[in-house]
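The listed protein sequences derive, respectively, from chains Y and E. When we follow the numbering used here, the leftmost residue of the first sequence carries the number 7, and every step to the right adds one. When we follow the numbering used here, the leftmost residue of the second sequence carries the number 15, and every step to the right adds one.
In short, the hints are calculated from the structure, not lab data. This structure is a prediction, so every number in the text was calculated from the model and none was measured. Misleading hints may appear alongside valid ones.
[Claimed, not checked] Stretches of chain Y that chain E covers, calculated by requiring three or more beta carbons in the stretch to come under 8 Å of a beta carbon on chain E:
(1) 72-80
(2) 255-261
(3) 271-279
[Claimed, not checked] Residues from chain Y that face chain E, not an exhaustive set, calculated with beta carbons under 7 Å:
(4) ILE53
(5) LYS56
(6) ASP59
(7) ILE69
(8) ASN125
(9) TYR136
(10) PHE137
(11) PRO140
(12) GLY141
(13) GLY154
(14) ASN187
(15) LYS236
(16) GLY241
(17) ILE242
(18) GLY245
C-beta: ideal position from N, C-alpha, C; glycine also.
Chain by chain, the residues run as shown.
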Amino acid sequence: MKEINVAQISEAIKDMCIETNHFLSADMRAALDRAEKEEESPLGRQILSKLKDNLQIAGEDHIPICQDTGMAVVFAEIGQEVHVTGGWIEDAINEGVRQGYTEGYLRKSVVSDPIVRKNTGDNTPAVIHYFMVPGDKIKLTFAPKGFGSENMSRVFMLKPADGVEGIKNAVLTAVKDAGPNACPPMVVGVGIGGTFEKCALLAKKALTRAADERAADHFIREMEEELQRKINASGIGPGGLGGTTTAFAVNIETYATHIAGLPVGVNICCHVNRHAVRIL
Amino acid sequence: MDVNIKAPFDAEELKKLKCGDMVYISGTIYVARDAAHKRMQEALDKNEALPMDMNGNGIYYMGPSPAREGRVIGSAGPTTASRMDKYTPRLLDLGLKVMIGKGKRSPEVKEAIVRNGAVYMAAIGGAGALLSKSITASEVIAYEDLGTEAIRKLEVKDFPAIVVIDTTGEDLYIKATEEYRKEV
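Please build the complete structure, drawing on both the sequences and the hints.
Below is the structure:
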């Protein structure tokens, strides 16, 4: 059995906190470049150009891309042949978040209780999703999530009779309601199937997929492309100030579901769709 | 149209702004978001003075990331304005003239904007590193215990924003979206 010490886990999380908040992944930068060339609105092009300037300043001057450095979301895929040593993995992840947000001058945006609302001062706790997988590695995906777009996300408990049209309407409704609030151009994560909580989790996971990577399934890939075309025809545009670039991508994940249901989760992310991966 | 404007704001200058104008603000503005608005409302309910005079002033809805040593402020982009809608008409009736944020406003806020000759502007959401370059000084003036949500006084130079709702109540989000909507 392979041993992985919790210190390695904390270190990886800390690094990803700082990295994701200062540097966007290549797929997101490429999406921004492409959009700037294709956008029809002059104001929209100006905004996209400013977003590129913003990325450059963030990287060079080491200022977070966005002041909302997010709530830390972690997908921890743990190989069942791994033995974690030196402590509890959850403490290790939170220690990484604590160090990353403190040492990286990132904003502490987490309150300990949703009703009392006292800031925890170190951006912990993280929201952690564990998956047991085959093998002897731990794969950590770190995706800090800002709440301008999180607040505009939705779960729709559709009926089987609503079908594909119902799914498309649900996604388009969520995007149109989000409009300028979600800092478009956005990435739209969609989870179809499972249960109430599973579709939301699929939608979140979909946001960690590269913006230029389409679904493997032919039918789902076509739905992603069609929805992106329709979203970009909505007129919302960069910053919600009108234009032809509203979504950089629509990423759909699916799962088996019940004979009576068709759950659809729509998790919207702004143009600062941050994600990084470390394999230990 | 590009317009340079001084803060605090002159009511007559604000009347000239039209939705879609790009403005560059120089002068003093204040920063407040969710928790600070809640506290200001509680202060008003108890007939206590607010930390700053609303009259002629502007509020930027923002919660910065921490400043590195030797820097004025960290990343400093706008937050979603609609979360402040519940508290806003009362502040507008007290003389608040400009709000800077991002996203839609409620019908009640729009009515209060028109009633008071105020303006709602959007800064570019998610451009906090870029926007921080237009902030030349930052000082916490109230509710320090709220951390990033404390009330700050900012000095800004050529801070860029776009007029979304002008003094007549016209809304750029609606107008511009209509302009680029296509049938597919």
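- Report the numbers of all earlier hints that the structure fails to satisfy, in ascending order. Violated hints: 2, 9, 10, 11 and 12; rest satisfied.
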